[in-house]
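Asker: Based on the hints, put chains B and C in the right spot on chain A.
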Amino acid sequence: MNTMTLYVERNSPIHRLDPLVKLLYVAASILLTYILPEPLYIGGILFVTFLLLIIGKVFRNSLPIVTLSMFLIFSLVIVQGFFHPDNVTELFAIGPLVFYEEGLYVALVLVMRVLVMVGAFSLLILTTATDEMVERLIKKGMSPKIGHVILSVLQLIPQMRATMVKITDAQRSRGVETEGDLLTRVKAFFPLIGPVVLNSLNETKERSIALEMRGFDSPMKKTFLNEAKQYPHNKLIAGLITGIVILGIVWRVFG
Amino acid sequence: MSVIEVENLKYRYPDTTTLVLDDLSFSVEKGECLGIVGENTAGKSTLCYALAGLVPHFYKGAYGGKVTVNGLVVREHEIATIVENIGLVFENPFSQMTGAKQTVYGEVAFGLENMGLPRKNMHTRIEKYLKLLDVYSVKDKNPFDLSGGQMQRVAIASVLAMEPEVLILDEPTSQLDPQGSKDVFKVIEQLTGKGMTIILVEHKMEQIAQYADRVLLLHEGKQIDLDTPEKIFSRLDLKEFGVRPPVVTSIAQALTIRYPDTQLYPVTIQEFKRLEEMK
Amino acid sequence: MNKNSMWSLKLSTAAIVLIPAAIGINYIGKLFASLLRLPLWLDSIGTVLASMLAGPVIGAAAGIINNIIFGITADPISTVYAITSAAIGITVGVMAYKGWIASVQKAVVVGLVTGFVAALVSTPLNMIFWGGQTGNIWGDAFYTFLISNDIPQWLASFGDSIVVDVPDKVVTVLISYFIFKGLPNSLTNIYRQDSEIEVI
Chain A
1 MNTMTLYVER NSPIHRLDPL VKLLYVAASI LLTYILPEPL YIGGILFVTF LLLIIGKVFR
61 NSLPIVTLSM FLIFSLVIVQ GFFHPDNVTE LFAIGPLVFY EEGLYVALVL VMRVLVMVGA
121 FSLLILTTAT DEMVERLIKK GMSPKIGHVI LSVLQLIPQM RATMVKITDA QRSRGVETEG
181 DLLTRVKAFF PLIGPVVLNS LNETKERSIA LEMRGFDSPM KKTFLNEAKQ YPHNKLIAGL
241 ITGIVILGIV WRVFG
Chain B
1001 MSVIEVENLK YRYPDTTTLV LDDLSFSVEK GECLGIVGEN TAGKSTLCYA LAGLVPHFYK
1061 GAYGGKVTVN GLVVREHEIA TIVENIGLVF ENPFSQMTGA KQTVYGEVAF GLENMGLPRK
1121 NMHTRIEKYL KLLDVYSVKD KNPFDLSGGQ MQRVAIASVL AMEPEVLILD EPTSQLDPQG
1181 SKDVFKVIEQ LTGKGMTIIL VEHKMEQIAQ YADRVLLLHE GKQIDLDTPE KIFSRLDLKE
1241 FGVRPPVVTS IAQALTIRYP DTQLYPVTIQ EFKRLEEMK
Chain C
2001 MNKNSMWSLK LSTAAIVLIP AAIGINYIGK LFASLLRLPL WLDSIGTVLA SMLAGPVIGA
2061 AAGIINNIIF GITADPISTV YAITSAAIGI TVGVMAYKGW IASVQKAVVV GLVTGFVAAL
2121 VSTPLNMIFW GGQTGNIWGD AFYTFLISND IPQWLASFGD SIVVDVPDKV VTVLISYFIF
2181 KGLPNSLTNI YRQDSEIEVI
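Protein chains in written order, with this note's numbering: chain A, 1 to 255; chain B, 1001 to 1279; chain C, 2001 to 2200.
Honestly, the hints are just simulated from the structure, not real lab data.
We put the CB at the ideal spot given by N, CA and C, even for glycine.
Don't take each hint at face value.
Claimed, not checked - Simulated DEER-style distance windows between Cβ atoms:
| id | chain 1 | residue 1 | chain 2 | residue 2 | range |
| --- | --- | --- | --- | --- | --- |
| 1 | A | Asn234 | B | Asp1140 | 46 to 56 angstroms |
| 2 | C | Gly2182 | A | Gly43 | 34 to 44 angstroms |
| 3 | B | Glu1127 | C | Trp2138 | 30 to 40 angstroms |
| 4 | A | Arg161 | B | Thr1017 | 32 to 42 angstroms |
| 5 | B | Lys1066 | C | Phe2178 | 16 to 26 angstroms |
| 6 | B | Thr1017 | C | Gly2182 | 16 to 26 angstroms |
| 7 | B | Asn1008 | C | Asn2185 | 40 to 50 angstroms |
Looking at chain A on its own, in the form it has when it is part of the complex (with noise of 0.2 angstroms):
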């Protein structure tokens, strides 16, 4: 069964780490961007991130979710590269196009720090399977009602999508046009979407009751099958994150 995470099991370090840990890691690798916005230690963080991935064995799945990211990075540097307010200094020219100095730098920092954002939190969804990030949040105090959405979607969007596969098919086959011009195109949209609709929502109907019969609104407190996963050295790696950052803007303000 797809249930359309991107976790991909492997044995490391990083996979036995708590996932909380890795989510503030996640936090702590942006808000380190912004404290201190240079290069060179953005590019520092940068090479951390990537050892990370490597250590978690998850480099290479890291890379497709990169790639979603390049059109922003193109145009980041295109757009800051001729257009940004400071820009004076030439640097070069490819034919009439010029770059800028300083648009150019704007654009550096910020494709590195979409690189840091998309790496580290590529780490944390590749790393970690999302019951057990879920657990650990509810068991830190998320509802777990919220926990149960968050692990619902991942199963019934799968399913939508069979639902909307099936839908198309029977709708072509009574007529409906799905090519065409932008009318012909805009007027299909309803009758295809709309059976989706109905029918997740009657499921939806369907769906608490069950739930209410199983006690969902319980105002017990939960308990889990799963036994809790034991974290060694949890508190020392969220502690060393911790005083990075701390590090991180004593530097900036004293510095």
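Answerer: Frame of chain A, contents of chains B and C only:
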């Protein structure tokens, strides 16, 4: 004391004007299997919801009378409390899967987690009901990868694992293929044999005749009759309520094969044969 | 309905189960839009519908979780816009509650306001994260045009977002409005948080 007591139950869905349940009064004894029959607008499902507390707590609307389940007045308790006394399984197996669990085992655990059952008790219970429903072999599969019949048995296992006093089955096989239905009815047979109190809503009258100790006949929200399957299915005005008797009963009527003492018609093949031989 | 019920945090099971359905609808809307090569995203129909059905709290939750899920399953960048999605849910939820989905004309207004709010919330995010751009080709082209005409960066960024968000949200709200109007009462009233049990 009866497990279920219904007194003058009246109910109307929100934003509607007609009563879906109109002054019902009956009781169900421990270990009994009560069949509910009637046409689509009779209020069978709504009555199930009322026994499980979904009416009025989930649906709201207008409510009157009193329903008591295992000593608990439904109107005065939350659904989460009521479900520890009465479980409900309905027709669509797919929407009864919570969607939040990736294995059948976890699916059955869902209700127990919500009840706050200690972990050490969970495993024994889950395994007991997985085996009872004959789905132990698929315990590590994703619930959505199962066949309809398997999914429905997982749904029943999930509800039974919460160990309610009463189990309501609202057309549990109407969306299943023949093999799936057969497997589910095998389970129902086992459960009635074990003395579980069961409320069964079903379109296949043969099944009602087979398992029900008594049958409640509903029509447009009103209680028409409550009696043994033989009495109910021998009624000559049954068609007026959109119910057709089991095929054997119709044949028996045509051949006037009936119980010599009560003049009622048989409702199962076994009884039909026995009476035929006697004749 | 009393004033408190719109913001009530005690949510019914039906309203909670609506969230995954809404996120699924968002996703399907987006897929159909790209299948039909429509020039809009249409990826918030579910959020908008959930807001109309169950109010601003569920709408906002659907929006936030939508972007988090999309972040962990496809594109991490989208997580940033969880705040925008929340704003969309709140705007539609509040306006629906105040009676602004009574007619097509009013629904258009809801769409315009929602688009405007979405742009307003996205602008600081775009400024913080990507120097004011959106990564949308039309929006960024407009941004470039404004910047090269000496428009301040934040205003250009807002313009970028407006171009991207307003048409999309007007169409999204209209589609959701038509779907919403077609839903039977027996379905829509289970999501409401305010109904009382009447005694007869």
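Asker: Now tell me if each hint is right for this structure.
Answerer: We went through each hint and held it up to the structure:
1. A:Asn234 to B:Asp1140: 46 to 56 angstroms: violated (29 angstroms)
2. C:Gly2182 to A:Gly43: 34 to 44 angstroms: Violated, at about 55 angstroms.
3. B:Glu1127 to C:Trp2138: 30 to 40 angstroms: Between Glu1127 (chain B) and Trp2138 (chain C), where Cβ atoms are some 59 angstroms apart, the hint is violated.
4. A:Arg161 to B:Thr1017: 32 to 42 angstroms: holds (41 angstroms)
5. B:Lys1066 to C:Phe2178: 16 to 26 angstroms: violated (44 angstroms)
6. B:Thr1017 to C:Gly2182: 16 to 26 angstroms: holds (22 angstroms)
7. B:Asn1008 to C:Asn2185: 40 to 50 angstroms: Cβ of Asn1008 (chain B) to Cβ of Asn2185 (chain C): about 27 angstroms, so the range 40 to 50 angstroms is violated.
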